[in-house]
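> Take a look at the letters that make up each chain.
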Amino acid sequence: MTPQLHRLALAFAATFFLVALTGGYWGFVRREALTARADNPRRILIERRIRRGTIYDRNGAALAESSGPPGEFERHYPYPALAPVLGYVSAFYGLAGVEAVADSVLHGDAGHDALDLWQADLLGVSLPGRDVRLSIDIRLQTTADSLLGDQAGAVVLLDAITGEILALASHPTYDANHLEAEWPSLVDDPRAPLLNRATFGLYQPGGALQPVILAAALRAGLAEVNAPFLSATAQVGAGDLTLRCLSDPGSQEITLAEAFQRGCPWPFADLGGQLGGRALDQLFRDFRFYEAPAIVIPTTASPHSNLTSEAPIAAIGQGALNITPLHLALAVSAIARQGALPAPHLLTAEQSPDGSWRSLPSLSHPIAALAQEHADQVKALMPNGHQAIALAGAEGKMLAWFSGFAPFTDSRYAVAVLLEEGDVEEAARVGRTLLESAVSQRP
Amino acid sequence: MVTYLPGRRRELVLLALASGFVLTAAAALALIPSARANTWRLSFRVWDLGFGIFGFAFAWVICAAAAAWAVRRALPDHDPYLLPLVYLITGWGMAVIWRLAPVFGLRQTIWLVVSTAAMIGVTWLPGDLRWLRRYRYTWLLGGLALTALTFVFGVNPSGFGERLWLGCCGVYLQPAEVLKLLLVAFLAAYLADKREQLFQHGGAMRSPFSDSHSPTSDFHLPLSNLRTTLAYFLPLLLMWGFSIVILISQRDLGMSTLFFAVFLIMLYLASGRTAYLLAGAALLILGAVLGYYLFDVVRVRVEAWWNPWADPSGRSYQIVQSLIAVAAGGLLGRGPGLGAPTLIPVAHSDFIFAALAEEWGLLGLFAVVGLLGVVVFRGFRIALQARGTFEQLLAGGLIALVGLQALMIMGGVVKLVPLTGLTLPFMSYGGSSLLTHFIMVGLLLRLSSRA
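Taken in sequence, the protein lines are chains A and B.
Take the first sequence: its letters are residues 1 to 443, numbered as in the working numbering.
Take the second sequence: its letters are residues 1001 to 1451, numbered as in the working numbering.
Everything labelled a hint here was simulated from the structure, so no lab data went into it.
Among the hints, a few may not be true.
Stated by the list, open to error - Partial list, derived from the structure: chain B residues whose beta carbon lies under 8 Å from chain A: (1) L1323; (2) A1357; (3) F1366; (4) M1410.
Said to hold, decoys possible - Chain B regions said to be covered by chain A (calculated; three or more residues, Cβ under 8 Å): (5) 1265-1277; (6) 1378-1390; (7) 1396-1405; (8) 1413-1420.
For clarity, every value in this text was computed on a predicted model and none was experimentally measured.
Backbone N, C-alpha and C define an ideal beta-carbon position, used for all residues, glycine too.
So here's chain A without its partners, still in its complex pose:
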């Protein structure tokens, strides 16, 4: 029986070794991938043991805070409509928005030196969570949310000088206080409530590009605003769709300025053709339409595409270029502020481990998109903002845009509104009311 016993012992030794090896594979090689899984409940258990930091608005109002006894901390969002900015913390669905971006600070890990972290880890102690501050003004945010109401769309209100985002609304949205219960229906909802339309919704710009195109035409010396424009009221065909003036000009003999104010597409298709694809391409680069705006939460931009063959279509915003409402708010800031395109800013300060506040810089730098001369000429034509429509998709679903700024002299606030249902007057009402609130409240 001796050889059998020897062989068996060898086989057992090999199999024990194989088990150890497999354990090592999961605990070492696959460690990161497994612990990062959304169904690893340890992450949320750790979260519950520490009081996660508070997210404040610019005036110190709490936007997200943790409460409850240690070990059972619950995250609470007093303004659920701010979910597109704040995101969520969930045991099952992970992190999103500012909660995800500022996690290491809110969670308390960042900023400590390695020795503190090691000691805390050794003792199983959690470092206290720290607070962060956003540029959001919750009063203006609430106004924006109530103005938008049930309509699908987005609003971005900026401080045109600093680029700070004062309000950012995207509707429909979700309530992060009840995320776990509502998640399945949120994911299946055809209205896409989890999508942040303001920063991540790419829309056909249509007439919303007109201020930018006009400025480029002025820069190129192709147009004079007060001169009559030949067949300014003509219809423009873009694919199977037809575009015409937003409001009836009454006469066919109108100036470029009047065509701009009435949202007539023809002059801009014409100017686009004269400018040519290369100049338009440069223009879109100058306004950073091809770049995802650098704020902490996810943003997007449409990929760069060759415009040479379809310059007129590109100039009326019916080409390959799609923009987000945030892009438009930044562009209108440049018109309002002598051509200076601001660097957007959202996460403005964080608490240091010693409790003091440390302000955070913008993630990009402001640049000059236009010369002051051309920006001011366009600005003068839109004291009450600029309304526009865009036709989206093959069936030509109408989108309504509004961009504007206030006050007229030394403008401080810039707004962009998008409504998916295409009610231009409503978009203008939302934008103008929000600007009035901003001017009167002076955040």
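Dock chain B against chain A, hints included.
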């Protein structure tokens, strides 16, 4: 150095080292609540838990010392490694159980006392294990009858699931655990007696009851002897089929696989024919394929093993959580009491290996695999040095049983093989399992002694 000490001293030194480890683990666990709450002001409940943990550590030390003393009295030249190894694994397992579920920790402490007494009893029994050999059919039928009783009186202590236990007055016994020990004893006795007739068919016909030896030259099977061969194999296959039927009808997948594998190993040990292993492996695969199509329980386990990521919150919840726990532990572990192994379902029983890996890390995991590996190694050594065929077969069968069960559940927990719902020998919570394994250790200790 330990290596040069005589066996007696060696055993005591190793036991002292094991005690040091288990007492340190208990002390660490007693301090968890304060570490977790980050304060030294402890509530009453915390002290309560601390007392419980030290109570278990105390009981464990008493048991280990009593076993060392008693076994040395009965068997002066027994294997000096087996007791320290087994007590270290058991003590470590109990520390983990206390950490996971103090209620089960208390019960396991009581079972440890009972199991130690049973093990000492086995080593003190007079005679030459002849009682085990002589009454083999009685033992086996008794075990089968006990198992059959679960058809009628079976319960599940947790209130749901397969009813594999017999219970009375708050104490539950899983007859299948006892049956596996009795089956190995029966097979060892049967194969030792009939070895010649079963595997060597040269020469003249012999009575199945003769113990005479014959030259081992001719292996081919003359047709005229076919009936004889069948006659020898039949009772064996019948007994086997019967026990398998009982287990499959109870849906205890792990135990029936274990039985069949141990049966094959013992057949191989007795015959030396690899063909048995190959044919048996083919049968096992055939059984697995049939089981996959016939029994939901098999299909669910196999699918959860093959692709757990397809349904991580449903049917493969256990295995996915188990792997996440191993990953959460990393190399050094979260530290005793500082992980979250209670998130794994039935962590104190089937998944104790994963719970241990989370808090003690891969180092702990390797250590447990290594300790069990050395136990198996010592077992095979005992089998090699045993005196007679019966003793060799018994030792080999017992240690194969321990080794296979350990490999099946550890392999299941790390997704090497499908999960089979067995206990990890000496470590998992489970009274019947602990008792049976300690009796097996008692038998191995006896077999290791030449006195």
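> Does each hint hold? Answer for all of them.
Hint-by-hint comparison with the structure:
1. L1323: This hint holds: L1323/B lies near chain A, its Cβ roughly 5 Å from the closest one there, short of 8 Å.
2. A1357: holds (6 Å)
3. F1366: Given a least distance of 5 Å, the restraint on F1366/B holds.
4. M1410: Constraint on M1410/B satisfied, holds at 5 Å.
5. 1265-1277: With 5 residues close enough to chain A, the hint holds.
6. 1378-1390: Contact hint for the segment 1378-1390 of chain B vs chain A: holds, 4 residues under 8 Å.
7. 1396-1405: Coverage by chain A holds for the segment 1396-1405 of chain B (3 residues, Cβ < 8 Å).
8. 1413-1420: Check passed, 3 qualifying residues.
Of the numbered hints stated above, none is contradicted by the structure.
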